[in-house]
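Engineer: Residue numbers (this note's numbering), protein chains in the order written: chain F, 40 to 153; chain A, 34 to 144.
The hints are simulated quantities; they were obtained by calculation from the structure and are not laboratory data.
Careful: at least some of the hints might be erroneous.
Straight line, CA to CA, 20 Å or less: simulated PhoX-like cross-link-like pairs of lysine-lysine [claimed, not checked]:
#, chain 1, residue 1, chain 2, residue 2
1, F, 61, A, 75
2, A, 34, A, 131
3, A, 131, F, 75
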Amino acid sequence: DTAVSQTPKYLVTQMGNDKSIKCEQNLGHDTMYWYKQDSKKFLKIMFSYNNKELIINETVPNRFSPKSPDKAHLNLHINSLELGDSAVYFCASSHTSGAYNEQFFGPGTRLTVL
Amino acid sequence: KQEVTQIPAALSVPEGENLVLNCSFTDSAIYNLQWFRQDPGKGLTSLLLIQSSQREQTSGRLNASLDKSSGRSTLYIAASQPGDSATYLCAVVDNTDKLIFGTGTRLQVFP
């Protein structure tokens, strides 16, 4: 009965490779997000989607491409991986926006680029 | 540009103490403020959400207050326990619906 799930939990890969991280939520939420937590543990939003439409894109390199096949899924594809992409990536979802925007997070995917 | 700061950065206390964690934000135009807990190597657990029109929220031993005009929130933890050890993050939803996180307070409660 996991609310927000991500796969894989750990991802170790070489520079230059392309990889994907998957996220699914079973909360019936309309909005999903990707966040990056860097080595200093600082969390920053990357993207948000509402009903499969891109809402927020925070000046992320275009090597990162989110894809939302339906409102329960938001996948993150990363091309030509670089050392600086090593981080923990969190997916989140929320039911609505504004004052009632309470976000629920997945367990995270730790990406290590060698 | 909204900036969220948390003080202290780290805190170590004996079991049973009452604690106050502080969060400040630079732009009072927020929709809400959310407190999270993050255990090492784990995801974030939502603790409390305070809407911008509210002053406080309570859940068990946790009480969070919000003073939007002065850009401050506090998380009060009563009768702390070793199981409360974690990093506590405060985050605000700004007027573009983005969740902006603070720098976190790393809490250790020792028996």
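Engineer: Work down the list of hints and note, for each, if the structure agrees.
Structural biologist: Verification of the supplied hints:
1. F:61 <-> A:75: Holds, because 17 Å separates the two Cα atoms, which is no more than 20 Å.
2. A:34 <-> A:131: holds (12 Å)
3. A:131 <-> F:75: Holds - the C-alpha atoms of residue 75 of chain F and residue 131 of chain A are around 14 Å apart, at most 20 Å.
Comparing the model with each numbered hint stated earlier shows that all of them hold.
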